[in-house]
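S.K.: Chains as they are written, first to last, in our numbering: chain W, 486 to 834; chain S, 1159 to 1676.
Keep in mind that the hints are not guaranteed to be accurate.
Unchecked claim - Residues of chain S placed beyond 12 Å of chain W at every Cβ, according to the derived structure:
(1) Gly-1468
(2) Leu-1469
(3) Glu-1522
Said to hold, decoys possible - Among chain S residues calculated to face chain W with C-beta under 10 Å, some are:
(4) Lys-1284
(5) Asn-1286
(6) Leu-1288
(7) Ser-1467
(8) Arg-1490
(9) Arg-1499
(10) Asp-1503
(11) Ile-1510
(12) Met-1513
(13) Glu-1517
(14) Gly-1525
It should be emphasised that the hints constitute simulated quantities derived from the structure, not laboratory data.
Heads up, the beta-carbon is just placed ideally off N, CA and C, and yes, glycines get one too.
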Amino acid sequence: MRLEIRENTSIVRLVAALFIAVGFAMAVCSVLIIWGGASPVDGWILMIKGALGSKFAVSETLARATPLIFTGLAAAVAFRAKLWNIGGEGQFYIGACMAILLGTRGEMLPSFVMIPYLFTAGAIAGGLFLLVPTFLKTHLNVDEVVTTLLLNFVVLLFVNWLVFGPWKDPMSMGWPQSEPVLDSAILPILMAKTRFHLGFVIAVLSAVFVWWFMAYTTWGFEIRAVGSSIKASTFAGMPVNRTIIRTALISGGLAAMAGVSELCGMKGYLTTDLSPGFGYTGIVVAMLAALNPLGVVASALFVAIIYIGADSMSRAINISNYIADVTTAVSLLSVLVAVLLTKYRIKRG
Amino acid sequence: MSPFYMNEPILKLSKITKHFGSVVANEKISISLEKGEIVALLGENGAGKTTLMSILFGHYVADKGTVEVFGKKLIPGSPRAALEAGVGMVHQHFTLADNMTVLDNIMLGTESLTSLKSNRKKARHKLNDLMERFGLTVDPKVLVKNLSVGEQQRVEILKVLYRDAKILILDEPTAVLTPQESDTLFETIAQLVEEGLSVIFITHKMREVMTASHRCIVLRLGRVVFESLTAETNPKALAKAMVGSDIPLTIRERQLPGKEVLSLRHITIIDDKGKNPIKDLSLNLKSKEIIGIAGVSGNGQSQLADLISGLIRTYEGQILLDSNIIKNISPRRMIKEGVGRIPDDRNGTGLISDMTIMENIASEAYGNFPFSKRGFLRFNAIAVHAKRLVKKFDVRCPGIDTQVQKLSGGNLQKLILARELSGSPRIIIANQPTWGLDVGATSYVHSRLLNAARQGAGVIIISEDLDELFQVADRIQVMYHGRLSDSEDVDSVDRAKLGLIMSGQFISHVEEETRHET
């Protein structure tokens, strides 16, 4: 058996392949639901209802998708340049820390200044933070997969220390959490009595901006070229290291914006469970979107639907909500295979 | 006197058909081979030669058709069956283990690992017999990595003979050899045939066909288009059969060279392993002239190309452009200085293979107006430019937004030429510019380079193919162990002398001087 390249890949075939892949993933997960003692049809219906069945359900799904769009974009931009930033989780918390550091003071700043200020500061901090492993990569050839991944734990322990120590809110009755940010830093809610906040709009605008940046600017062109072939980009005279560093600034910045958005939009204060792994899920989101910035919005929504839907399903029919993790994982694998098969065909002999 | 279908053939391929998707690799190919015969299989790249031989050797299974060896049908898809039937193949790229001895390499795969030691004596005897019988001498105890390319090929042949092959298939056997080594190889082949073996060799070099084969078969687009006794045909007819039409011969017109455009003075490169791929190398290139750099690959040619392309930043010595010393060289600097660079690795280095034709056309000049303005790309300007170049350089493609990796080798090279020559470079460095290209594309590349020289560029062509250099260059310098030989005028130098230099049997003027001093 071997793979043979297809001469042409049509959009129709690609879309069909994606649907087949998701269908396959659902079929696999149906088996698990049956195994868990419930009807898969009921399960899927409950899942869709739980994620999209009411105004409240939709608002929850959109709120969940918000940080995933940011971290998904962070991964998509970095991976496009073959900069393997696995440190989205750490950069997320760096952004959240900046939001606390700056958002708890400056009472005179009005909201429309405070919010852009926090996002900008968070993005700069996150970008600079990713520069450390990036410099190690460009100058000393240190594998960034290892360094970015391990830095996640460093950051998380640092946050742990902050919320147990210097930043601990004296009013928290002993809970390890920071003081809340000022009211002016809280992101406005877009739908009354829900948690759907302005962060979603900023995330979608970021996706549009990133898409435009990658397609229409010389820097975006360089990122794509370097990601396709460092050798050929070097030969063509492109500034390869500078491009990788720029990519790191953008990617780290986007992941940190997820932290700012989540902190200022959802909780208002810093805890060590602010992110249930948004940085890592962002990688899945980016891969599902084939690294396309606009596709990231769609795949973040898809993943959010599964997570929110699975929560509600598990409450209703007593299937563990780990089914959400399994569904996204199987979907990712089947989508990757499906995309591969739109480019190649399997040939025997 | 060689027979042409007089006796019962020992190898018979009947109506072999093989399609890859919509690509016809082989279509009803029938050929046969007799005892003691040397057949040359000719064809351009993509004509189906390698596919056909892979089917014969069991690497592929044919869609239709049969292979018969000594009157018996061969099991399709089994290299082992082919070997046992007496078919042996010597690949273009050697399949030897560098860190093992010649004897071990030859024994490898013939016996089970546990019995290797006990049979070594027997194996050595057999090998010695073979070497004596066929006049192929190699020291069995030497490690393969210490052998020259010609010797390694001898080991490959011995490996096949050791497995009692009666039919030998050689895939482009002279691609990596010096002219002298090639001559030796063809002597060996003659000897093999004398001893009753039969040989098929794949080639695209006319001279080899004419001097070494009894019969020749030409494939084109997967079909046999021409078959003749070699004595009854001529190179021109063969070339026409290969291409399907008369090829316009590129004719070199010697120009009066202009002023010096590039000068390398005593360049030494130290690589990261501490070795010197280039040692004390000097070179002068004038406008309107074409220098051919000959030599067996791996003698520093690629480093020379990389240096002029701006990829090697640390070196000793001086680089002068238009008689000015330049420092801080980089690819971008060299592009700006008007160096057109044609790399040997088209898909990996020359082009960004998963980007489009349009993007690749712009990949060097995207930062300049009109292709971008203040950091924003101007796709309309890029598209206009790309469309014009694709047309001018005859790049065959569905459109300018086609991914480069979907183009054929010839079109890839045309695309690179389009990008590099569109800026009217003063200096052109072309490394293996026609490697792997078919006759038509080769002649196109040559005419473009000659044209560039006519318009005033100084051109350096690096090639392992002496014929090519004789066809297009004004003077030839041979690279050996990181040094360049003295310049030889194409019209007065003879092939044999160049061959000797290529194999290291010469003393460069530098070494001669130092010897006089001591």
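S.K.: Run the C-beta distances from Glu-1522(S) to all of chain W and say if the shortest one exceeds 12 Å.
M.R.: Per Cβ check, Glu-1522(S) is inside 12 Å of chain W; nearest 5 Å; violated.
S.K.: Does the CB of Asn-1286(S) sit less than 10 Å away from some CB of chain W?
M.R.: violated (40 Å)
S.K.: Taking 10 Å as the limit, does the beta-carbon of Ser-1467(S) come near enough to a beta-carbon in chain W?
M.R.: holds (7 Å)
S.K.: Can we keep the Gly-1525(S) interface hint, with Cβ of chain W closer than 10 Å?
M.R.: Holds. Min distance 6 Å.
S.K.: Holds or violated: is there a CB of chain W closer than 10 Å to the CB of Ile-1510(S)?
M.R.: holds (5 Å)
S.K.: Can we keep the Lys-1284(S) interface hint, with Cβ of chain W closer than 10 Å?
M.R.: Not OK, violated: Lys-1284(S) not within 10 Å of chain W, min 35 Å.
S.K.: Regarding the hint that Arg-1490(S) lies at the interface with chain W, is the smallest CB-CB distance below 10 Å?
M.R.: holds (3 Å)
S.K.: Does Glu-1517(S) meet its interface restraint, that is, does its C-beta lie within less than 10 Å of any C-beta in chain W?
M.R.: The hint holds - Glu-1517(S) has a Cβ within 10 Å of chain W, the shortest such distance being about 7 Å.
S.K.: Taking 10 Å as the limit, does the beta-carbon of Leu-1288(S) come near enough to a beta-carbon in chain W?
M.R.: violated (34 Å)
S.K.: Answer holds if the nearest beta-carbon of chain W is closer than 10 Å to that of Met-1513(S); otherwise answer violated.
M.R.: holds (6 Å)
S.K.: If I take the minimum Cβ distance from Leu-1469(S) to any residue of chain W, is it greater than 12 Å?
M.R.: Leu-1469(S) not clear of chain W: closest Cβ-Cβ about 7 Å, inside 12 Å.
S.K.: Is the Cβ of Gly-1468(S) farther than 12 Å from every Cβ of chain W?
M.R.: violated (7 Å)
Violated hints, listed in ascending order, are 1, 2, 3, 4, 5, 6; each of the other numbered hints is respected by the structure.
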